[in-house]
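All chains should be built: construct the whole structure from the sequences, respecting the hints.
Protein chains in written order, with my numbering: chain F, 1 to 290; chain G, 1 to 249.
Hints were generated in silico from the structure; no laboratory data involved.
Treat the hints with caution; some may be incorrect.
To be verified - Here are some chain G residues the structure puts well away from chain F; computed CB gaps all over 12 Å:
1) E40
2) L81
3) G92
4) S139
Unchecked claim - Here are some chain F residues pointing at chain G (derived, C-beta under 7 Å):
5) V115
6) P135
7) L155
8) I229
Note that beta-carbon positions come from the ideal geometry of N, C-alpha and C, so glycine has one too.
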Amino acid sequence: MTESITTERAVVDQAAEELLERPGPAATETPAARRRNPLQVVGRILAAIVVRYWPIIAMLIAWPVWLWANGYSRAVAPGPLDVATDLVQHPDVYLLPVLWTALFAIGGLLLGMLVGIVLGVLVWMSPLVSGLLLPSALILRVVPVTAMIPILAALFGYGSGTVVVMVVILVFFPAFSLTVSGMSSVSQSSRDLFAVLGSGLAARVFRLHLPAAIPSIMLALRISAPVGILGVLLAEYLLSGVGLGDLLRTAGERLEYEREWAAALVATVLSVICFGLARTAERRVVDRVT
Amino acid sequence: MSSRLRTAVYGVAGVVVLLVIAQIIGTTGLLGPTWPPITEVAAFLFDPSNHRLLGNALAATVSEAALGGLIGIVAGIGFALIAALLPLLAPGLDRFAALIDAVPAIALAPFLILVFGREGTPVIIVALSVTFIIYISTSSGLDSAGRPYRDLFSVLGARRAVRLGRVDVPAALPKLFDGLTLAAPAMILGATIGEWFGARRGLGVLFVSAMQNYRIELLWSAAVLAVLCSLIVYGAALLAQRAVVRRFA
Numbered sequence: 001m002t003e004s005i006t007t008e009r010a011v012v013d014q015a016a017e018e019l020l021e022r023p024g025p026a027a028t029e030t031p032a033a034r035r036r037n038p039l040q041v042v043g044r045i046l047a048a049i050v051v052r053y054w055p056i057i058a059m060l061i062a063w064p065v066w067l068w069a070n071g072y073s074r075a076v077a078p079g080p081l082d083v084a085t086d087l088v089q090h091p092d093v094y095l096l097p098v099l100w101t102a103l104f105a106i107g108g109l110l111l112g113m114l115v116g117i118v119l120g121v122l123v124w125m126s127p128l129v130s131g132l133l134l135p136s137a138l139i140l141r142v143v144p145v146t147a148m149i150p151i152l153a154a155l156f157g158y159g160s161g162t163v164v165v166m167v168v169i170l171v172f173f174p175a176f177s178l179t180v181s182g183m184s185s186v187s188q189s190s191r192d193l194f195a196v197l198g199s200g201l202a203a204r205v206f207r208l209h210l211p212a213a214i215p216s217i218m219l220a221l222r223i224s225a226p227v228g229i230l231g232v233l234l235a236e237y238l239l240s241g242v243g244l245g246d247l248l249r250t251a252g253e254r255l256e257y258e259r260e261w262a263a264a265l266v267a268t269v270l271s272v273i274c275f276g277l278a279r280t281a282e283r284r285v286v287d288r289v290t
Numbered sequence: 001m002s003s004r005l006r007t008a009v010y011g012v013a014g015v016v017v018l019l020v021i022a023q024i025i026g027t028t029g030l031l032g033p034t035w036p037p038i039t040e041v042a043a044f045l046f047d048p049s050n051h052r053l054l055g056n057a058l059a060a061t062v063s064e065a066a067l068g069g070l071i072g073i074v075a076g077i078g079f080a081l082i083a084a085l086l087p088l089l090a091p092g093l094d095r096f097a098a099l100i101d102a103v104p105a106i107a108l109a110p111f112l113i114l115v116f117g118r119e120g121t122p123v124i125i126v127a128l129s130v131t132f133i134i135y136i137s138t139s140s141g142l143d144s145a146g147r148p149y150r151d152l153f154s155v156l157g158a159r160r161a162v163r164l165g166r167v168d169v170p171a172a173l174p175k176l177f178d179g180l181t182l183a184a185p186a187m188i189l190g191a192t193i194g195e196w197f198g199a200r201r202g203l204g205v206l207f208v209s210a211m212q213n214y215r216i217e218l219l220w221s222a223a224v225l226a227v228l229c230s231l232i233v234y235g236a237a238l239l240a241q242r243a244v245v246r247r248f249a
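Structure, rendered in structure tokens:
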């Protein structure tokens, strides 16, 4: 059950990736079709873009139309242009919060991974301890981050330290449980070989079991990246005076809607980038070790 | 002792150890006054004078999660069927789903509040995250039927919709229920995130107000309720998934 709640997420991610790679209608074009005039080439590229991104295009069109139809003024709901203008005219407002959020997210992510892996190795050595700890870790996992942040704030104060502690707690669980399951996945024949050669515990951990766990550990990183970003944004929104979450809140409170929406857009882009980086890192590392 | 029984015994023992440690931290004040003994949290939860406050919040969050979950399940299955019946629309839907998943819920809040209001936002945040999970799991399930079955139906001249109903949908059910077990914790989380943006009632509101007013027992009780809810929904989804897998896989 503990493993399933982390790996199910991975199954959905995997399925999403496979869907993204399924061949679209554009894959049927022949080499002969490619030698037509440039207008047709442009048309085909446009068609490919529409086929892939039509929901996003539809939303970008629906947004101003919907504002206009409801008679909202720019003071209530900014259009795409207002948001873009604020982004271009005041990049300095966004730069520092982006850096803070990225720093907290990446720092917390790495620290949480480290804690999870170290604990995972220690726990793996004892079936009793891992049997005792895994269900408790599952309960920690189900605590909604919206409840975790206020509790941690009450414990550790409203500062940036609390944000880091929270990301570490969020990230530690997948790393921990996937390290344990990855280390346990070593085949019996490999274990026998190491036993026959009389290798010590350190050799078994660092030469056999930990390398075998690397794909699982990278999977944990990929699962955690979006969770970590969301956690940092939520914690910044509620607690600390820095970062994109804070910018979202203060802009909302001052009724600066262009800024609020632009901050939301920047947060989205940052999240998508982290998502992509974690996915690429996983693929590269797993390709290397397997 | 069978390994399954041993796992269960270890698990129960582990939870007991966790509770005992939490209790010791609380009674000794090791982490300060904001870590209460577990017995005090339990006393707060069982005190009838708190039931109205907690009950209202719980009812609000659960109904948002249930409504949003329902919308999400219907929308997710609907979009997956659309993508299966009209392959031209599929690449766009796949990418849009991936984008929706990567967008942090908090970033959507300003937009959602404007469109759906402060009370509707939690429902929509739940619906969005559930839609993504269900869409992906259903789509990959619809793709999972064995090639021979599909070829057989094509050879016999079945229309796409018939093949979908007879082959692909039954094959997709186990994956769909896999998705449901994953959606369970996401539902409570999504509802409480939505409640942070000005909802009047709900566990999410309670977390923040209890923190700001330094009502530590209330904060912990609300957190315990949220965890129990997530675990119950997860457990129910898991049982349903097991039953479906036994029948269809």
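To see whether the hints hold, each was checked on the structure:
1. E40: For E40(G), whose nearest Cβ neighbour in chain F is about 14 Å away, the distance exceeds 12 Å, so it holds.
2. L81: holds (14 Å)
3. G92: violated (4 Å)
4. S139: Not fine: 6 Å to the nearest Cβ puts S139(G) too close to chain F.
5. V115: Status violated, d = 17 Å.
6. P135: holds (4 Å)
7. L155: Interface hint status for L155(F): holds (5 Å vs cutoff 7 Å).
8. I229: Constraint on I229(F) satisfied, holds at 6 Å.
Hint check: violations occur at hints 3, 4 and 5; the rest are consistent with the structure.
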